[in-house]
Amino acid sequence: MDTPVQTVVIKQHLIDPEICIRCNTCEATCPVGAITHDDSNYVVRADVCNGCMACVPPCPTGAIDNWRSVPKAAAYGIEEQFTWDTLPDELTPEQLAAAGAEAIDELPATAEAEPAAGAPDDASAGEAPFNSAAYGATTPPWSAAHAYTNLYGPRNPITATVVGNVRVNEPGTQNETHHIVLDFGSMPFPVLEGQSIGIVPPGADAQGRAHHARQYSIASPRNGERPGYNNVSLTVKRVTADHQGNPVQGLCSNYVCDLKVGDKVQVIGPFGASFLMPNHPRSHIVMICTGTGSAPMRAMTEWRRRLRGKGRFEGGKLMLFFGARTKEELPYFGPLMSLPKDFIDINLAFSRAPGAPKRYVQDLMRERAADLVELLQDANAHFYVCGLKSMEEGVVLALRDVALQAGLNWEAIAAALKREGRLHLETY
Amino acid sequence: MSSINYSEKIPNNVNLSEDRTLQRALEQWQPNFLSWWGDVGPEGSTNYDVYLRTAISVDPQGWAQFGHVKMPDYRWGIFLNPAEKDRKIHFGDHMGEPAWQEVPGEHRANLRRIIVTQGDTEPASVEQQRHLGLTAPSMYDLRNLFQVNVEEGRHLWAMVYLLHRYFGRDGREEAEALLDRRSGDEDNPRILGAFNERTPDWLSFFMFTYFTDRDGKFQLSALAESGFDPLARTTKFMLTEEAHHMFVGESGVSRVIQRTCEVMNQLKTDDPARIRAAGVIDFGTIQRYLNFHYSVTIDLFGADESSNAAAFYSSGLKGRYEEGKRTDDHRLRNENYKVLEVRDGKLVEKDVPMLNGLNEVLRDDYIKDSMAGVGRWNKVIEKAGIPVRLTVPHKAFNRQIGSLSGVRVSPEGQVVSQAEWDAKKDDWLPTAEDRAFVASLMGRVVEPGKFANWIAPPVMGINRQPVDFEYIRFN
Chain A
744 MDTPVQTVVI KQHLIDPEIC IRCNTCEATC PVGAITHDDS NYVVRADVCN
794 GCMACVPPCP TGAIDNWRSV PKAAAYGIEE QFTWDTLPDE LTPEQLAAAG
844 AEAIDELPAT AEAEPAAGAP DDASAGEAPF NSAAYGATTP PWSAAHAYTN
894 LYGPRNPITA TVVGNVRVNE PGTQNETHHI VLDFGSMPFP VLEGQSIGIV
944 PPGADAQGRA HHARQYSIAS PRNGERPGYN NVSLTVKRVT ADHQGNPVQG
994 LCSNYVCDLK VGDKVQVIGP FGASFLMPNH PRSHIVMICT GTGSAPMRAM
1044 TEWRRRLRGK GRFEGGKLML FFGARTKEEL PYFGPLMSLP KDFIDINLAF
1094 SRAPGAPKRY VQDLMRERAA DLVELLQDAN AHFYVCGLKS MEEGVVLALR
1144 DVALQAGLNW EAIAAALKRE GRLHLETY
Chain B
2 MSSINYSEKI PNNVNLSEDR TLQRALEQWQ PNFLSWWGDV GPEGSTNYDV
52 YLRTAISVDP QGWAQFGHVK MPDYRWGIFL NPAEKDRKIH FGDHMGEPAW
102 QEVPGEHRAN LRRIIVTQGD TEPASVEQQR HLGLTAPSMY DLRNLFQVNV
152 EEGRHLWAMV YLLHRYFGRD GREEAEALLD RRSGDEDNPR ILGAFNERTP
202 DWLSFFMFTY FTDRDGKFQL SALAESGFDP LARTTKFMLT EEAHHMFVGE
252 SGVSRVIQRT CEVMNQLKTD DPARIRAAGV IDFGTIQRYL NFHYSVTIDL
302 FGADESSNAA AFYSSGLKGR YEEGKRTDDH RLRNENYKVL EVRDGKLVEK
352 DVPMLNGLNE VLRDDYIKDS MAGVGRWNKV IEKAGIPVRL TVPHKAFNRQ
402 IGSLSGVRVS PEGQVVSQAE WDAKKDDWLP TAEDRAFVAS LMGRVVEPGK
452 FANWIAPPVM GINRQPVDFE YIRFN
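From first to last, the protein sequence lines are chains A and B.
The numbering of the first sequence is our numbering, which starts it at 744 and goes up by one.
The numbering of the second sequence is our numbering, which starts it at 2 and goes up by one.
Hints were generated in silico from the structure; no laboratory data involved.
Please read these numbers as outputs of a predicted model, since none were measured by experiment.
For every residue, glycine included, the Cβ atom is placed at its ideal position computed from N, Cα and C.
Please note that a few of the clues may not be correct.
The list that follows gives simulated cross-link-like pairs (lysine-lysine, BS3-like), each with its CA atoms no further than 25 Å apart [to be verified]:
1) Lys-1007/A to Lys-89/B
2) Lys-347/B to Lys-1007/A
3) Lys-396/B to Lys-351/B
4) Lys-86/B to Lys-326/B
Derived DEER-like restraints, expressed as beta-carbon distance ranges [unchecked claim]:
5) Gly-68/B to Arg-969/A: 53 to 61 Å
6) Glu-350/B to Arg-898/A: 33 to 41 Å
7) Ser-886/A to Glu-383/B: 32 to 40 Å
8) Phe-873/A to Arg-465/B: 19 to 27 Å
9) Phe-873/A to Glu-383/B: 38 to 46 Å
Please build the complete structure, drawing on both the sequences and the hints.
Here is the structure:
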């Protein structure tokens, strides 16, 4: 979960007040209640929007599809958006750099605002120095299975039963992380690896409104945490500090981490139709993650492991780059280590291991450049990045450096990766 | 679940094949609908391939699928928003009771009346707009017109489904009658006044889609709150489609204004004669069209005091706009509301029980929403540096329904004599000469990317396509 210190820049979703006709379609469509309005404007709450893009196709005007790179701490609030007649200009690189003076030291590894789909690319963005989000694909690989999405929304959630809750990193370490198993009984809830679901915490906020749902990536394969059962698993970190490190109890993560077997949970989703794994023989998967970003990687790995026994693998490689502060904090460390070496190539980076220099996933990627170069040139190779927003740029830059140092045309490779749905970024 | 069954003759997400009686009834209605479309649908358009949006499911990814289709092959069908589990009636005397999945006997007549009145407007607007294709200002606009038309057709289907499914023989007869009435027909007109007016030119069309389709938005929003769950779910899905119609109107008028501003700045003039001579529409004419469409549309909300409105609300059939977001008691028995009446030659407000004033409540919500859009048009004029501003006339202006009908009121809200009205009305409402002038500008422009002289191109195309995309293949 640990990454170098840097400003967290988000793609903030905004609605163009000059083009918007105030038809309310986006607000009615939004599965997480991120859109609201007053008498003048329709606006998006940056802290609630998960970039799922559900509001984009129904918008009759195109006003909905606007994005601005802003430091997360300085995202435009809704009160400010209500006063706009036009969208603000994109911040210049200098303005963004100036905002970097107040760089956030370290983010808690929260999965509470996990995006559901790849960040949108932004054709109208100014000349930012390096925009890693622009490299993420918005379509799935050609051999992905069909994903069902939005079967259940906030108005018609499905009730799931908790059938398991275990801690998956060592007790006594920070970043307490739980493995939660939810069962849907006889109700349909078809999912694929890489999709996420929303959990609606019970109760209401100070204004008496129901809490909005929090999204979590599914950590189990398509045929269930337990094969043949209608259940899914999640990887949830207990949030105990806010972005400034002040003690704060994450509303939904604490609710989820405290669930007991037999408890009932309101669930919406599934979400996500692009961060999906390839299914064809000989397809390779390169997985790069930190902390709870391991959830979709666990799901894909487990599905491949189940298929492997049936001989449907035909030499497709799995390569994992997984970062945490220490070995003890790393979720699923035990089961991961017991996977056969000829099945998955595991690379672990620990940034706070006692007596060892800090190492991040991008350092390991550079060390494995020889293997990554081959994969970058292989149309069967697919890259998945999941974890904190702050790792995304470093990881994409590492891929770029690997390509450039081998004398390859990075932009051409990146364009192909994006076009063919072979590079997926899901960071939060 | 929200998937739509396309393997059937009538696409639907209501398990139509499990109800054979209903399926057969609707399959008998379907050819009549298609023959109605052929008779009075968009003129001469049968063989065009039009870049249309079709719903393939009611979830966000599925309901806006774009592709070229011939309009008679458009998949008109029956789409309801997913059911909300354990939904409760949230206003009126039945508040807190489970929402009705079947029609309660005592509300049958009122519900049928509401559905027929809403349903009647849908084919009416298709009839009103059927000749407009011949004078489209661009291929882009022609495509938007056709999109509006096919979706109005689908809204008719939505209402007909409710009539067939829930109202037995009466419902089937009403469904037939919806195809028999004709907009503007002397013997068998459409039910509501505004839907018997002509839509003779594209400025009228844009004003109609801005003002009158916005009435649709408010009526549908009020019905989307209904305690009769199938009506609520149907109208919710219709609202997503209705948004496009309002977009066509708002952006259409905005582009007319934009173009007029450009020409005024080029010629450095505000002389209507010179502006007209340059082939664009002067602001006086735009304001008079606005006055007309606005006043005709606010009549659609009905009489300012209405016992029907009270009954519809108290019985849980029709809520207020955004009922679920309001924080009062949702019964309104002890509330009052201000409506206008004329006393001693002056307009004065009087208090009436809010239940009886609910038409006025919805009208006032509509007025607020309408005015905001007019404000956005004024921003376009302001940006061009021109001092003119468009205004919304007083709500008592040119009314034909309710206690204000028959009273002569200026756009500023002054009660005037008949003589003064006669002297001024050509300044306030479009004259025959205005209409003739606008009609003279209407020539067909359908080459991709080309636009008639009186209207500016849009900011962006449909579904992120370029503005000069081939939205229609004429074959």
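Hint check:
| no. | hint | verdict |
| --- | --- | --- |
| 1 | Lys-1007/A to Lys-89/B | holds, 22 Å |
| 2 | Lys-347/B to Lys-1007/A | violated, 63 Å |
| 3 | Lys-396/B to Lys-351/B | holds, 15 Å |
| 4 | Lys-86/B to Lys-326/B | holds, 19 Å |
| 5 | Gly-68/B to Arg-969/A: 53 to 61 Å | violated, 42 Å |
| 6 | Glu-350/B to Arg-898/A: 33 to 41 Å | holds, 38 Å |
| 7 | Ser-886/A to Glu-383/B: 32 to 40 Å | violated, 54 Å |
| 8 | Phe-873/A to Arg-465/B: 19 to 27 Å | holds, 25 Å |
| 9 | Phe-873/A to Glu-383/B: 38 to 46 Å | holds, 39 Å |
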